[in-house]
Structure formats: structure tokens, C-alpha cells
Amino acid sequence: NAGVTQTPKFQVLKTGQSMTLQCAQDMNHEYMSWYRQDPGMGLRLIHYSVGAGITDQGEVPNGYNVSRSTTEDFPLRLLSAAPSQTSVYFCASSYYRDARQPQHFGDGTRLSIL
Amino acid sequence: AQSVTQLGSHVSVSEGALVLLRCNYSSSVPPYLFWYVQYPNQGLQLLLKYTSAATLVKGINGFEAEFKKSETSFHLTKPSAHMRDAAEYFCAVSDSGNTPLVFGKGTRLSVIA
Chain A
105 NAGVTQTPKF
115 QVLKTGQSMT
125 LQCAQDMNHE
135 YMSWYRQDPG
145 MGLRLIHYSV
155 GAGITDQGEV
165 PNGYNVSRST
175 TEDFPLRLLS
185 AAPSQTSVYF
195 CASSYYRDAR
205 QPQHFGDGTR
215 LSIL
Chain B
11 AQSVTQLGSH
21 VSVSEGALVL
31 LRCNYSSSVP
41 PYLFWYVQYP
51 NQGLQLLLKY
61 TSAATLVKGI
71 NGFEAEFKKS
81 ETSFHLTKPS
91 AHMRDAAEYF
101 CAVSDSGNTP
111 LVFGKGTRLS
121 VIA
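Here the protein sequences line up with chains A and B, keeping their order. This note's numbering puts the first residue of the first sequence at 105, with every later residue one more than the last. This note's numbering puts the first residue of the second sequence at 11, with every later residue one more than the last.
Zero decoy hints are in this set.
What the simulated footprint calls covered on chain B by chain A, stretch by stretch (three residues with Cβ under 8 Å from a Cβ of chain A suffice, anywhere in the stretch; the number is not a length):
no., region
1, 53-59
2, 114-120
FRET-style restraints, in silico, Cβ to Cβ:
no., chain 1, residue 1, chain 2, residue 2, range
3, A, 186, B, 94, 34 to 40 Å
4, B, 30, A, 157, 41 to 47 Å
5, B, 90, A, 174, 45 to 51 Å
6, B, 120, A, 163, 25 to 31 Å
7, B, 30, A, 163, 25 to 31 Å
8, B, 81, A, 183, 41 to 47 Å
9, B, 79, A, 119, 44 to 50 Å
10, B, 52, A, 130, 15 to 21 Å
11, A, 174, B, 51, 25 to 31 Å
12, A, 126, B, 109, 23 to 29 Å
13, A, 116, B, 40, 41 to 47 Å
14, B, 79, A, 202, 19 to 25 Å
Since the hints were made in silico from the structure, they are not lab data. Note that the coordinates shown come from a computational prediction; the quantities given were computed from them, not determined experimentally. Even glycine gets a Cβ: it sits at the ideal position worked out from N, Cα and C.
Please construct the entire structure, taking both the sequences and the accompanying hints into account.
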């Protein structure tokens, strides 16, 4: 099993550009989420989804958009990139309705906004 | 609302010394608690989890953690640090299947030879 796959691993954007960070999992997990990691801030939840067609906002959703058309994929869209969105982004998945199950993380996408 | 506080953003120990990373939680219901480890340029990996069974939980790489309800703590320990333990460690709490996992800000562990 590949687990959680994130692409790209690195990306540099200019302010105002848009892009999509891809996340795919092959474990048939209902729950998927996006976090951003910044120094001294830990992981902050951006958006999450409990199944296809269902998404919800996390702690820091502004400037990001998500959709969940399939169980496997959960892309994160930056609508108009800003320097404050320079960060490392992690996608995670787990079984839903069982908080005892751990989350599985991808290796991250390192994004720089110039 | 649930929350996690990790005391100490950076902990430095000598190789072979005891590792103690502190985590205190806040939850209105009995929590599920997790420790994750992040090695440089990698994602997070599960070290161990507490899910209301034994209060002393053993994880991978010789780590263990003890759930203390009276102290609302879930501190991570390892008797003897190794150089390969140098990483960032995150404590996380969940109180149900319907709310997202909440992470602490992390503690960076350095191991000195």
C-alpha cells in the first residue's frame, strides 16, 4: 500500500497565483484532512472531510478551498497565493467514527510564496 | 473544547539519558491521546496511543507514556536516549469520532553525543 501520497513535494509560487495540492490515499479511509505546519505553531487544521461530498472548515480555512468528489482524493486549492501561505502542508487520513484510530500522514508539500 | 499543551518547545538531553517530554490536555469527556514523531523532512508517524485501556502505554522505539487523569497529563518517556531519537514530537487529543484531532505545538528533542 502507498498510504497517503502528496504531490508535489516542493513548489514555489508568485503572489496571486493559484495552485492545487494533491492528496490521495488507498486505505479506503472516510476521514481526510489538511494541516499546515509553521515554526512554533504546531499543526493547524485547514479543512477536513468525513466522506465524499462532505467538507468542513478547520482552524485556519481562509484562502483555501477543498472538495471531496471521491473517497480517495482530497485536493487543497490556493485561490490567490499570499506570502503568509508559505508553509509545509500535510494531508492525513483515518477511519471515521472511531477516534481511537490514528491518522496516517503524507510526507508533506513544501510551499514557498514569493 | 479539547486542547493540548506541550511544555518546552525544545528539550536537549545527552545520549543515554532519560527523555521526558511533557503533555497536558483539556477535554470535557474521556480523551483519546496520541504521540506522534516527525523526523526531518518527513510526515508524522504514530509513536503510541491511549484509548482508555491500560494507563501505561508502550510504543515504538522504546518510548512509553502514562495517562494520569488526576493530572490531565500524558507525558512521554524513554529510559535511554539515542541519537536517532532526535526529532520533533507532537502530542494530540481527540474526544470523539466527530471532532478533528487537536495537536500541541510540538517539542523538538535534541540528543547530544
